[in-house]
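This is what each chain is made of:
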Amino acid sequence: MSDAEWVLLLSRGQFALTMGMHITLAALTLGLSPFLLWFEARWLWGKQPGAREALHFWLKVFALTVAVGAVSGVIMEVQFGTHWSGLSQKVGGVIGPLLFYEVLVAFFLESGLTGVMLFGMGKIKPAIHFVVTCFVTLGALLSAFWILAANSWLQTPTGFTRDESGRFLPESWAMVLSAPSFPFRFSHMLLASLIAVAFMIAGVAARRLLINVQEQAARRMLTAALSFTLVAVPLQVVLGDLHGENTLAHQPAKLAAIEGSWHPPAADEGEPLRLFALPDQQAQRNRLEVAIPNIASLYLRHNLSGHIKSLSEFDPQTIPPVAPVFFAFRLMVGLGMVMLLASLVANVQLWRGKLTTSPRLLKMLVWLSPAGFIAMLSGWLVTEIGRQPWTVYGMLRTADSISALSLSTTVAVLAAIVVVYGLSFALGLRYLLRLVGSPLQPQGDVVTQEIRTSP
Amino acid sequence: MTIADFAALALLLSMLIYVLLDGTDLGVGMLFLWFHQESQRKRMVDSILPIWDANETWLVLLAGGMFALFPPVYSVLFNTLCGPVFAMVLALFLRGLALEYRAQAQEAFRHWLDRLMCASSLLAAFLQGWCAGVVFSAEPHRGLETGFALTPLLCGLGLVVIYLLLGCCWVRWRIGEDVDEKASALAWLCWVLSLVLFLSVLLLNRDIWMTSWQRWPGKVAIALILLLWLAQLLALWRGRATWQLALTLGLITAVFTGVACGFYPWLIPYQQDLHRSAASAATQRFVLIGAAIVMPLTLLYHSWAFWVFRGKVR
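Taken in order, these protein sequences are the chains called X and V.
Each residue of the first sequence is one higher than the one before, starting from 1 at the first, in this note's numbering.
Each residue of the second sequence is one higher than the one before, starting from 1 at the first, in this note's numbering.
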């Protein structure tokens, strides 16, 4: 491999690493803040026992992650310039404003009021604190809106013209904001964050109940999280299906990679559902394929004989690396099915009042606590690797988006990032796990830590 | 004024607000070098804990704004300064870690976090100044020189002492009592050092100031700079912390205005001017209308967030 190819590969690796970390933290904020809101409302107006402790407990988790999440956003914001100057010069005029609005209406709202939410209890009235929590939640939601608007435009660009130097110019902002994949991507991601956090809450609550079955707050958390998943997980399956159909319409090569479909099946057969295969990019075929005939047509075409465009029908220079897309998709769907089943079983037992006394079910929930996050990250890999080799789909290649950086700079920067991120991840996880097992603090105004001031 | 001028002004404003706000809490971080008692350090951290995150967001707005409004400047600048910029943001990352995990850590580990806090604040401040110095010392036909040079070094040190001065004023105002004496002595030292560094950078880059002097806002700014340096002396002597903080903030604003007048119309001297590197008018209008509506609101609720934690930190 030449130096330039290494620079491209390492820069992509770096983007994946920093984005993966940022997505996880952003999803945690996005998914957790509505639960904070719920616990706070139940405490203030429902007078529900345990709701207040649940609120304080999760505010502490929020405090552990929100700052690192925010600073990892700074890294994303400079990375487009340092490593992807080809992309930023060409599309800055289109996605730049979307990222700018994200900072302006969302990031500011979140960062400005998070401090008050975390440290302000006791300094302001509880009702005002509730309003602050609402705004933090709104900030996280708006943030996801703008970021996914930018991402959706890159995936399915609309509403632009190009000048003679190849720069993208916005034709109409309404059209830029109505990229065809945006509604599906936004709702799918939003729900993914909420489900990921719900399973985390359920897992943590289960862990606490295994230690002390009497804990009111843990019961509160468990009920809230599990009831939510009962509605959300089936809804997510439907949304995922709709998102898939949208991909079929706008990014057919990605969908063919997801299905591992190299060649069209015989004319009288439908697309098979491939449960397992080892895709071979060079030979354009699958090894060790295990498939059920015709089933894929059912969910792709809603009949038993419909076809999709298969990978061999595209120019080989325009299809994504098939294996990672294929496997990441199966991991996501597999985990989704496990979560669906677990949610059903746990909810049934919860209604029968038998969940808290069943160590086996509680342990299962503990094991499933990272499942939603893993599924979300797999889904993200599917959509991002699946759009390769493009940064602006069908318009600008990843190889033409890169900066002219030296290999030594690229390696040094990446190494520094790996060390710093590794350190912060290890430290954050350590404090998180310690918090999960520690007894709840007695009631008081202190939320995360008290900042005492004199008038 | 064209729309591109307004765009550049908006960027200048978010950079200024960033320096004024986050400069103060970076300064507080560096002050750990001189304050060792746990009770003092705890109050110093408490005084910035609820607000540092919001302060840093202005940097994100600056980067995002540059991306949207002047894409070529954004990509040239960050691409050329890749090394120092990444070192700077990673320093900010580590600083966030040290700040947020401080309350969780056991004593021995807390000492390490405090060292990290001090070193990362120092590094971030120095590198911000360094990057500014690289842009400052750009010469015709050569582009940005990223190698070692005197101006970036002096700018880096200059920003470090100015942030320290802000930090001293802040802790005197918000904590007072037992930190007052040392912070006040340090403020004197920083005042002298920053003046020396300011003058040496000025002498090394006379062109910028000469250009600035030829324009009326530049004239006003330079006169104000002179006045504010002297007023600072008075405030230091009389020992009024709030006055001193206000004067330092004013001084930084005046220096920003002076430099901006010296740069105009260049964003990167001799390489990118603000009219030719501007994004399309449609893009700039879309961004600026939003900024004009939302920015005042932002300032309003951020001020309220500051207000919630008013009073001396105990």
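Keep in mind the hints are simulated off the structure, nothing from the lab.
Hints are not guaranteed to be accurate.
[Stated by the list, open to error] Estimated spans, in silico, between C-beta atoms of each pair:
id: 1; chain 1: X; residue 1: L17; chain 2: V; residue 2: E145; range: 54 to 60 Å
id: 2; chain 1: X; residue 1: D241; chain 2: V; residue 2: E145; range: 39 to 45 Å
id: 3; chain 1: X; residue 1: I128; chain 2: V; residue 2: G239; range: 33 to 39 Å
id: 4; chain 1: X; residue 1: S438; chain 2: V; residue 2: P265; range: 54 to 60 Å
[Stated by the list, open to error] Short, incomplete list of chain V residues facing chain X, as computed with Cβ under 8 Å:
id: 5; residue: A63
id: 6; residue: G147
id: 7; residue: V220
Glycine included, C-beta positions come from ideal geometry on N, C-alpha and C.
Quick rundown of the hints versus the structure:
no.: 1; hint: X:L17 <-> V:E145: 54 to 60 Å; result: violated (31 Å)
no.: 2; hint: X:D241 <-> V:E145: 39 to 45 Å; result: violated (56 Å)
no.: 3; hint: X:I128 <-> V:G239: 33 to 39 Å; result: holds (37 Å)
no.: 4; hint: X:S438 <-> V:P265: 54 to 60 Å; result: holds (59 Å)
no.: 5; hint: A63; result: holds (4 Å)
no.: 6; hint: G147; result: violated (14 Å)
no.: 7; hint: V220; result: violated (30 Å)
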